[in-house]
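Protein chains: 2
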Amino acid sequence: MRPFFCPLEPAIHPSVDAMESRCVGWLDRVRLHRDERQRARLVGTNSAEFYCRFAPSGDEASLEVAAHWVYWGFAFDDARCGRGELSADPSEFLTMAGLMQRALEAPWDPVCENDRFVTALQDIGRDFHRCATPVQVRRFTDAHRTWLFGVAWQLANRAHGRMPSLGEYTAMRLGSAGGPPTLAMLEIANGEEVPAAEMDSLVVRGLTEMAILVASWDNDLQSYAKEADEANTDQNLVNVLKAAHDWDTEQAVDEAYVLRDQVMSHFLQLRECRTRRPASRALHRYLEGLGHAIRGNIDWALGAPRYDDIDGIPAQSGPRHPLVGCTDQPTTHRAGPLPIPAIAWWWGLA
Amino acid sequence: MRPFFCPLEPAIHPSVDAMESRCVGWLDRVRLHRDERQRARLVGTNSAEFYCRFAPSGDEASLEVAAHWVYWGFAFDDARCGRGELSADPSEFLTMAGLMQRALEAPWDPVCENDRFVTALQDIGRDFHRCATPVQVRRFTDAHRTWLFGVAWQLANRAHGRMPSLGEYTAMRLGSAGGPPTLAMLEIANGEEVPAAEMDSLVVRGLTEMAILVASWDNDLQSYAKEADEANTDQNLVNVLKAAHDWDTEQAVDEAYVLRDQVMSHFLQLRECRTRRPASRALHRYLEGLGHAIRGNIDWALGAPRYDDIDGIPAQSGPRHPLVGCTDQPTTHRAGPLPIPAIAWWWGLA
Numbered sequence: 001m002r003p004f005f006c007p008l009e010p011a012i013h014p015s016v017d018a019m020e021s022r023c024v025g026w027l028d029r030v031r032l033h034r035d036e037r038q039r040a041r042l043v044g045t046n047s048a049e050f051y052c053r054f055a056p057s058g059d060e061a062s063l064e065v066a067a068h069w070v071y072w073g074f075a076f077d078d079a080r081c082g083r084g085e086l087s088a089d090p091s092e093f094l095t096m097a098g099l100m101q102r103a104l105e106a107p108w109d110p111v112c113e114n115d116r117f118v119t120a121l122q123d124i125g126r127d128f129h130r131c132a133t134p135v136q137v138r139r140f141t142d143a144h145r146t147w148l149f150g151v152a153w154q155l156a157n158r159a160h161g162r163m164p165s166l167g168e169y170t171a172m173r174l175g176s177a178g179g180p181p182t183l184a185m186l187e188i189a190n191g192e193e194v195p196a197a198e199m200d201s202l203v204v205r206g207l208t209e210m211a212i213l214v215a216s217w218d219n220d221l222q223s224y225a226k227e228a229d230e231a232n233t234d235q236n237l238v239n240v241l242k243a244a245h246d247w248d249t250e251q252a253v254d255e256a257y258v259l260r261d262q263v264m265s266h267f268l269q270l271r272e273c274r275t276r277r278p279a280s281r282a283l284h285r286y287l288e289g290l291g292h293a294i295r296g297n298i299d300w301a302l303g304a305p306r307y308d309d310i311d312g313i314p315a316q317s318g319p320r321h322p323l324v325g326c327t328d329q330p331t332t333h334r335a336g337p338l339p340i341p342a343i344a345w346w347w348g349l350a
Numbered sequence: 001m002r003p004f005f006c007p008l009e010p011a012i013h014p015s016v017d018a019m020e021s022r023c024v025g026w027l028d029r030v031r032l033h034r035d036e037r038q039r040a041r042l043v044g045t046n047s048a049e050f051y052c053r054f055a056p057s058g059d060e061a062s063l064e065v066a067a068h069w070v071y072w073g074f075a076f077d078d079a080r081c082g083r084g085e086l087s088a089d090p091s092e093f094l095t096m097a098g099l100m101q102r103a104l105e106a107p108w109d110p111v112c113e114n115d116r117f118v119t120a121l122q123d124i125g126r127d128f129h130r131c132a133t134p135v136q137v138r139r140f141t142d143a144h145r146t147w148l149f150g151v152a153w154q155l156a157n158r159a160h161g162r163m164p165s166l167g168e169y170t171a172m173r174l175g176s177a178g179g180p181p182t183l184a185m186l187e188i189a190n191g192e193e194v195p196a197a198e199m200d201s202l203v204v205r206g207l208t209e210m211a212i213l214v215a216s217w218d219n220d221l222q223s224y225a226k227e228a229d230e231a232n233t234d235q236n237l238v239n240v241l242k243a244a245h246d247w248d249t250e251q252a253v254d255e256a257y258v259l260r261d262q263v264m265s266h267f268l269q270l271r272e273c274r275t276r277r278p279a280s281r282a283l284h285r286y287l288e289g290l291g292h293a294i295r296g297n298i299d300w301a302l303g304a305p306r307y308d309d310i311d312g313i314p315a316q317s318g319p320r321h322p323l324v325g326c327t328d329q330p331t332t333h334r335a336g337p338l339p340i341p342a343i344a345w346w347w348g349l350a
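Sequences listed follow chains A and B, in order.
Using the numbering used here, the first residue of the first sequence is number 1, and each one after it goes up by one.
Using the numbering used here, the first residue of the second sequence is number 1, and each one after it goes up by one.
Please keep in mind that the hints were generated in silico from the structure rather than gathered at the bench.
Since we're looking at a predicted model, the values are computed, not measured.
One or more hints might be untrue.
Said to hold, decoys possible - Only some residues are given here: those of chain A computed to face chain B with a beta carbon under 10 Å:
hint, residue
1, 79
2, 80
3, 162
4, 172
5, 199
As the list claims (entries may be wrong) - Some residues of chain B that are not near chain A, with every Cβ distance over 10 Å (derived):
hint, residue
6, 28
7, 33
8, 38
9, 80
10, 106
Unchecked claim - Here are the computed distance ranges between Cβ atoms for each label pair:
hint, chain 1, residue 1, chain 2, residue 2, range
11, B, 244, A, 116, 21 to 31 Å
12, B, 327, A, 165, 47 to 57 Å
13, A, 284, B, 195, 51 to 61 Å
14, B, 41, A, 57, 54 to 64 Å
15, A, 195, B, 37, 27 to 37 Å
16, A, 22, B, 41, 21 to 31 Å
17, B, 126, A, 336, 14 to 24 Å
18, A, 110, B, 280, 28 to 38 Å
19, B, 161, A, 116, 21 to 31 Å
20, A, 126, B, 339, 18 to 28 Å
21, A, 202, B, 197, 19 to 29 Å
22, A, 350, B, 328, 50 to 60 Å
Each residue gets a CB set at the ideal place from its N, CA and C atoms; glycine is no exception.
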């Protein structure tokens with residue numbers, strides 16, 4: 001595993017421990033797990049920590065609801081999108097996911113009885129209506145549909161034993177990795193609504209997508225490093241490149257880092273550019289949040305220590321500054337648009 | 001076929017004829033058809049007329065782009081969602097629809113070569129970027145994804161030979177009938193952006209969904225009347241009710257009209273209520289547009305005459321006021337929330 005190019009400071013919300021215990025209480029109340037093993041696995045996702053890294057100065061109550069959704073998302077992914085019983089058949093997934101989405105959109109009445117995922121998601125949906133604005137809620141529910149649509153697409157490829165091209169994989173991965181709902185919660189956790197004209201501008205749309213893609217590819221590279229063996233045939237950036245170019249793993253991993261760093265560099269430049277222009281405070285915090293998301297995703301996945309000594313709290317273990325997973329040096333100085341039509345427009349933004 | 005309860009005036013844009021000829025020129029340029037028969041069928045959808053009824057005082061240039069999308073939507077539905085080669089397998093549909101959606105989101109580069117639907121949709125996407133605001137474009141693309149997700153869900157049911165329950169069917173139909181993108185174009189055609197706080201408020205979300213559902217159920221009732229025979233096993237409001245209650249066609253049709261009229265009555269009351277409260281001009285026009293959509297959808301489907309004598313233009317045929325398809329009398333005075341959890345919240349709005 002090589003370090004990721006990510007010249008951004010690590011950050012975490014100071015209330016992470018309290019948040020985590022409250023979230024475990026919530027988990028025991030909504031019971032997404034069926035047994036102790038599943039419960040341990042779910043608690044062990046450290047979802048509260050994950051989102052505390054995304055919104056290090058967030059409002060505690062809203063941040064906690066966001067953390068609930070992250071736990072929910074991991075449990076759902078595990079039970080219904082991956083190895084679970086519904087994952088082999090995209091049709092089964094679609095009928096279930098369609099109702100799930102509607103349960104979130106209309107969380108006040110039991111859209112579907114006796115499904116613990118529906119009940120818990122509706123609990124989260126009602127909480128969002130309490131702590132977020134109608135615009136933020138709508139953004140989150142739209143993003144949630146984008147994710148479920150992406151997962152269905154991924155399952156469809158799997159059902160046909162189909163390895164997508166790089167272009168298709170990139171378009172699909174912008175949704176399927178859960179990035180859209182995860183990032184839609186940034187402004188909710190921050191407690192500040194980004195004005196629509198800013199949020200829907202091409203530049204901010206592009207920056208949001210870049211953050212999603214970098215984090216998704218980072219997950220791909222991390223899970224490839226963990227699970228790599230010749231039998232790994234998952235839809236994954238490395239396997240996509242191997243299949244497209246008939247490369248061996250080393251060549252594909254090299255190219256994956258180059259592609260990822262090109263997007264990361266462009267993200268940093270464009271964000272800097274946008275930050276220098278007039279913007280609401282909510283947008284400033286949102287753009288900062290996109291950086292926290294990329295960095296936080298890496299640190300969380302590496303099990304990086306949570307604390308440094310800024311607040312006089314000693315590090316739990318390991319080095320005080322968890323830089324092991326990150327570097328300030330990009331793998332490449334290759335510039336210009338990636339040869340992927342679905343995202344080439346990012347390089348035309350200014 | 002009984003008349004629909006719809007106490008709203010018919011309306012149509014005065015430039016409908018010119019619009020139609022320009023649209024036929026566009027169709028011949030983008031060539032969604034493969035032969036003369038398909039071309040005639042596509043021209044015969046009268047999509048320009050359809051949208052001229054939705055936005056009778058719309059800006060001509062924007063209205064024309066909206067009409068292009070309606071033609072595109074009918075052609076796409078015909079070729080890829082219905083009887084077409086991709087419709088039997090939800091997986092094939094998903095991989096195609098995923099790329100189609102991305103092509104719309106990123107219309108500047110050829111996301112997929114040699115697909116006439118992609119090329120035409122990207123043409124429409126670029127036109128929207130010219131004539132609509134970034135917020136309106138984002139609303140349309142989100143609505144477009146909602147539609148494709150709904151279609152995939154419907155195909156998934158079909159693949160399993162599954163007749164959904166009324167609750168599932170209602171949730172699915174809110175997306176699958178194409179209502180979301182069609183109504184997202186109202187404010188584009190009107191040339192006025194509805195402020196986000198108004199558009200995303202629960203009341204306006206609810207009213208938008210009610211208009212979508214009434215129009216979708218009207219389509220169901222109209223196509224059932226056209227195609228009704230005992231072999232009709234499509235997912236359709238009438239068949240859903242027959243299957244749920246073990247009813248015969250007449251009982252199911254009766255109940256379908258009652259359900260539809262309950263939603264229609266609530267729509268009219270709530271819209272009246274909302275219109276009396278302070279609102280931007282853009283919202284006023286949007287709420288009017290929802291009414292034009294319900295009425296226009298009926299008139300268009302019945303092939304109602306286009307003109308009355310308001311502008312001194314004689315009616316093409318038939319009665320001057322095309323009231324044959326509509327009545328001011330509801331089928332029912334039954335009130336209160338429908339027993340459908342996915343939409344029961346509409347009756348809590350004020």
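How the hints compare with the structure:
1. 79: 19 Å, violated
2. 80: Where the cut-off is 10 Å and the nearest Cβ of chain B is about 14 Å from residue 80 of chain A, the hint is violated.
3. 162: 7 Å, holds
4. 172: 6 Å, holds
5. 199: Because about 8 Å separates residue 199 of chain A from the closest Cβ in chain B, which is inside the 10 Å limit, the hint holds.
6. 28: 26 Å, holds
7. 33: 25 Å, holds
8. 38: Correct as stated: the minimum Cβ-Cβ distance to chain A is 27 Å, above 10 Å.
9. 80: Holds, since 14 Å exceeds 10 Å.
10. 106: The claim is violated: residue 106 of chain B sits with its nearest Cβ about 5 Å from chain A, within 10 Å.
11. B:244 / A:116: 21 to 31 Å: 25 Å, holds
12. B:327 / A:165: 47 to 57 Å: 54 Å, holds
13. A:284 / B:195: 51 to 61 Å: Given about 22 Å between the Cβ atoms, the range is violated.
14. B:41 / A:57: 54 to 64 Å: 58 Å, holds
15. A:195 / B:37: 27 to 37 Å: Violated, since residue 195 of chain A and residue 37 of chain B (Cβ atoms, about 50 Å apart) do not stay within the stated range.
16. A:22 / B:41: 21 to 31 Å: Violated: the Cβ-Cβ distance is about 60 Å, outside 21 to 31 Å.
17. B:126 / A:336: 14 to 24 Å: The hinted range 14 to 24 Å holds for residue 126 of chain B and residue 336 of chain A, with Cβ atoms some 22 Å apart.
18. A:110 / B:280: 28 to 38 Å: Distance hint for residue 110 of chain A, residue 280 of chain B holds at roughly 36 Å.
19. B:161 / A:116: 21 to 31 Å: Holds: the Cβ-Cβ distance is about 28 Å, inside 21 to 31 Å.
20. A:126 / B:339: 18 to 28 Å: 21 Å, holds
21. A:202 / B:197: 19 to 29 Å: The hinted range 19 to 29 Å holds for residue 202 of chain A and residue 197 of chain B, with Cβ atoms some 22 Å apart.
22. A:350 / B:328: 50 to 60 Å: 56 Å, holds
Checked against the numbered hints above, the structure violates hints 1, 2, 10, 13, 15, 16; every other hint is satisfied.
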